[in-house]
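**Student:** Residues per chain are reported as follows:
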Amino acid sequence: MSGHSTYQPQSRFMKWFEARLPIAGLIHSSFVAYPTPRNLNYWWTFGGILSFMLGVQFVTGIVLAMHYTPHVDHAFNSVEHIMRDVNYGWLLRYLHANGASMFFLAGYIHVFRGLYYGSYKDPREVLWILGVILLLLMIATGFMGYVLPWGQMSFWAATVITNLFSAIPLVGESVVTWLWGGYSVGNPTLNRFYSLHYLLPFVIAGVVLLHVWALHVAGQNNPAGIDAKAKQDTVAFTPYATIKDAFFLVCFCVLYAWFVFYVPNYMGHADNYIQANPQVTPTHIVPEWYYLPFYAILRAIPSKLGGVTMLLASIAILAFVPWLDTSRVKSASYRPLYRQFFWIFVLVCVGLGWLGSKPAEGGYVIAARILTAWYFIHFVIILPLLGLFETPKPLPSSISEAVLREGVPIGASGPAPGRDKARP
Amino acid sequence: MTLTRTILAVAAVGVAAMLACHGAGAAESESPPQLKWSFAGPFGLYDEAQLQRGFKVYREVCQNCHGLSLLAFYNLADPGGPGYSAAQATAIAGEYQVTDGPNDQGEMFQRPGRAADHFPPPFPNEQAARVRYNAVPPDFSVIAKARTYERGFPWFVIDMVSQYQEHGVDYIAAYVNGYEDAPSGFNLPDGSYYNKYFPGHSTAMPKPLVDGQVDYTDGTPAKGEQYAKDVSAFLMWVAEPHLEARKRIGFQVMIFLIVFAGLLYFTKKKVWAEVGGHA
Numbered sequence: 001m002s003g004h005s006t007y008q009p010q011s012r013f014m015k016w017f018e019a020r021l022p023i024a025g026l027i028h029s030s031f032v033a034y035p036t037p038r039n040l041n042y043w044w045t046f047g048g049i050l051s052f053m054l055g056v057q058f059v060t061g062i063v064l065a066m067h068y069t070p071h072v073d074h075a076f077n078s079v080e081h082i083m084r085d086v087n088y089g090w091l092l093r094y095l096h097a098n099g100a101s102m103f104f105l106a107g108y109i110h111v112f113r114g115l116y117y118g119s120y121k122d123p124r125e126v127l128w129i130l131g132v133i134l135l136l137l138m139i140a141t142g143f144m145g146y147v148l149p150w151g152q153m154s155f156w157a158a159t160v161i162t163n164l165f166s167a168i169p170l171v172g173e174s175v176v177t178w179l180w181g182g183y184s185v186g187n188p189t190l191n192r193f194y195s196l197h198y199l200l201p202f203v204i205a206g207v208v209l210l211h212v213w214a215l216h217v218a219g220q221n222n223p224a225g226i227d228a229k230a231k232q233d234t235v236a237f238t239p240y241a242t243i244k245d246a247f248f249l250v251c252f253c254v255l256y257a258w259f260v261f262y263v264p265n266y267m268g269h270a271d272n273y274i275q276a277n278p279q280v281t282p283t284h285i286v287p288e289w290y291y292l293p294f295y296a297i298l299r300a301i302p303s304k305l306g307g308v309t310m311l312l313a314s315i316a317i318l319a320f321v322p323w324l325d326t327s328r329v330k331s332a333s334y335r336p337l338y339r340q341f342f343w344i345f346v347l348v349c350v351g352l353g354w355l356g357s358k359p360a361e362g363g364y365v366i367a368a369r370i371l372t373a374w375y376f377i378h379f380v381i382i383l384p385l386l387g388l389f390e391t392p393k394p395l396p397s398s399i400s401e402a403v404l405r406e407g408v409p410i411g412a413s414g415p416a417p418g419r420d421k422a423r424p
Numbered sequence: 425m426t427l428t429r430t431i432l433a434v435a436a437v438g439v440a441a442m443l444a445c446h447g448a449g450a451a452e453s454e455s456p457p458q459l460k461w462s463f464a465g466p467f468g469l470y471d472e473a474q475l476q477r478g479f480k481v482y483r484e485v486c487q488n489c490h491g492l493s494l495l496a497f498y499n500l501a502d503p504g505g506p507g508y509s510a511a512q513a514t515a516i517a518g519e520y521q522v523t524d525g526p527n528d529q530g531e532m533f534q535r536p537g538r539a540a541d542h543f544p545p546p547f548p549n550e551q552a553a554r555v556r557y558n559a560v561p562p563d564f565s566v567i568a569k570a571r572t573y574e575r576g577f578p579w580f581v582i583d584m585v586s587q588y589q590e591h592g593v594d595y596i597a598a599y600v601n602g603y604e605d606a607p608s609g610f611n612l613p614d615g616s617y618y619n620k621y622f623p624g625h626s627t628a629m630p631k632p633l634v635d636g637q638v639d640y641t642d643g644t645p646a647k648g649e650q651y652a653k654d655v656s657a658f659l660m661w662v663a664e665p666h667l668e669a670r671k672r673i674g675f676q677v678m679i680f681l682i683v684f685a686g687l688l689y690f691t692k693k694k695v696w697a698e699v700g701g702h703a
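One line per chain: the protein sequences are D and C, in this order.
The first sequence maps to residues 1 to 424 in our numbering.
The second sequence maps to residues 425 to 703 in our numbering.
Please keep in mind that the hints were generated in silico from the structure rather than gathered at the bench.
A quick note: this is a predicted structure, and the numbers were derived from the prediction, not measured.
Hints should not be assumed to be uniformly reliable.
To be verified - Computed footprint of chain C on chain D, listed as stretches where at least three residues anywhere in the stretch have a Cβ under 8 Å from a Cβ of chain C:
no., stretch
1, 78–90
2, 108–120
3, 235–248
4, 271–277
Stated by the list, open to error - Calculated from the model, a selection of chain C residues having no Cβ within reach of chain D, i.e. all distances over 12 Å:
no., residue
5, E454
6, V585
7, D614
8, V638
Cβ atoms here follow ideal geometry from the backbone N, Cα and C, with glycine treated the same way.
Produce the entire structure from the sequences given, and follow the hints as far as they go.
**Tutor:** Spelled out as structure tokens, the structure:
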């Protein structure tokens with residue numbers, strides 16, 4: 001999608017076909033000839049990993065849907081039927097459930113990579129906002145999927161989350177009744193969640209196409225955060241990026257397989273192996289690990305409406321990062337102060353996640369409030385001010401210079417601080 | 425240097441805060457002891473003799489109140505299970521009466537079980553159980569995965585690497601033998617029993633197992649602790665009947681992925697050498 005295709009059809013059939021539908025040329029220019037910065041490190045492989053995980057969730061999910069029954073009386077047992085009686089059903093279900101965790105893990109790494117290297121800055125703002133929309137869609141899809149096994153956590157998570165909409169002034173209660181399809185979480189709720197859980201992944205796939213399109217218009221950012229200017233700054237997507245992505249994807253699959261085959265229930269909750277019971281509330285209602293930071297923010301605010309607003313704001317604020325960050329320099333490798341604040345921000349998010357898993361009482365609430373405050377301070381105060389007060393390090397004049405000057409393979413992290421002193 | 429120091433300092437404060445909060449939030453039930461299980465670890469397998477003993481304990485004690493609704497009799501002969509033959513599984517089924525019907529007259533009737541039947545429920549409905557036991561005894565089909573105990577930081581992180589996931593069976597084995605006299609001042613409701621591992625300590629089930637209650641014919645000591653361990657192992661198999669296949673296939677998948685990753689790594693190195701070997 002960058003300029004005209006250089007694809008030359010070889011066979012007579014492909015020449016005939018290409019004149020009528022130039023899809024091979026599109027694929028060739030997008031995934032073969034596409035110039036990719038030569039200094040990309042392994043943090044850039046997570047886009048490919050995410051596409052792969054989306055595919056895995058599609059394949060396993062479609063087969064699971066053939067055996068699952070979306071009814072309050074049968075859902076729990078139909079999942080157990082998959083686990084026990086369906087050939088390799090246990091494998092499909094563990095792949096799908098742990099696949100969601102891996103999807104989010106890769107997604108969060110992808111987002112943090114963007115934040116570290118300033119991938120959201122001009123000209124990639126739309127690309128970034130499409131990414132934030134994808135994150136929102138993932139959150140919605142994952143939540144609805146978690147409700148489907150109709151265990152205790154499924155039911156109570158559905159109750160807690162749908163009840164959040166009751167915080168909307170005036171119409172809140174009516175909205176909740178409308179969402180439930182009744183006066184409590186019940187069969188109509190489960191049915192529509194199933195329908196939407198099947199629909200939303202296709203929406204995700206559509207937005208992914210836009211995301212990739214926008215990426216191929218602007219070109220990839222890179223660890224140096226400077227534009228590719230000359231031919232020697234880039235290499236062809238295939239074979240260079242393809243083989244690198246493939247290698248790291250397989251490494252990622254080792255981690256995925258570890259969870260699926262050896263600790264398949266590590267990411268889950270024991271309570272979800274108890275069939276949903278509206279009469280019994282679990283002692284602690286805890287969401288899946290990937291929602292915990294948001295859950296901590298929700299509960300840190302004493303008012304329901306305030307909590308819901310902050311929860312939504314914590315995701316929505318990401319869409320404004322391209323304008324909140326005032327620095328002209330993209331990569332944190334050349335921003336000594338931002339780099340420290342970035343890592344503090346990562347720790348704050350991890351801390352919020354841990355607090356989200358704890359009961360909302362005593363010291364936990366105080367800690368959650370401090371970290372929630374920091375989460376927002378990072379975006380609305382630190383990011384704008386850093387751009388004004390920080391003195392960035394001198395940027396290399398080109399990507400190829402950055403590669404040659406380092407003299408070492410561009411590894412997992414940015415260049416170490418001391419190394420720039422050697423630069424004239 | 426400053427970067428590393430900042431990160432370390434923030435991390436240290438975070439960990440200290442976590443530990444402080446954890447201390448404050450503790451005062452829960454005692455953690456059950458971690459027992460040795462044949463099915464633990466990446467190459468774990470069920471011990472057939474143990475599953476058969478556990479099944480015996482279930483049949484002679486637990487079955488009076490607890491169902492196994494998701495288990496069919498033929499499952500007893502499935503590979504990776506207690507190792508009964510198909511004929512033995514059918515014979516066991518024949519010892520049960522199951523409700524079938526309606527027949528030509530429109531009546532439900534009782535008949536001996538067949539291999540394809542599921543284990544019959546111990547009570548016709550939940551209300552009947554409440555009248556009889558003052559509580560609804562939970563079904564045992566997935567209970568080994570439906571029970572756990574709090575591991576706390578840092579153990580829950582270590583468990584991911586060490587593959588410790590026998591929380592459920594450790595809890596069940598401890599609970600079954602965790603009966604004690606209530607400490608003075610503990611307000612135990614009528615018809616409840618004090619158990620040191622049960623969350624809240626007040627459980628509706630009386631102490632279920634005593635030494636010598638079930639006859640073991642293979643020389644295994646007929647002790648309450650042994651019964652608890654065996655029946656817990658049996659329940660683990662009931663909850664996760666494909667565990668052996670999962671771990672076996674998992675090892676094959678791991679070997680494949682690691683070899684494949686190695687091949688890709690060297691291919692990548694060769695391909696990138698053409699453009700200067702960077703990245």
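**Student:** Now, for every hint given, state plainly whether the structure supports it.
**Tutor:** Taking the hints in turn, this is what the structure says about them:
1. 78–90: holds (count 4)
2. 108–120: Not satisfied, violated; 0 residues make the cut.
3. 235–248: holds (count 7)
4. 271–277: holds (count 3)
5. E454: holds (17 Å)
6. V585: Contrary to the label, V585(C) does not stay out of reach of chain D, its closest Cβ about 9 Å off (not over 12 Å).
7. D614: Fine: 21 Å to the nearest Cβ keeps D614(C) off the interface.
8. V638: holds (27 Å)
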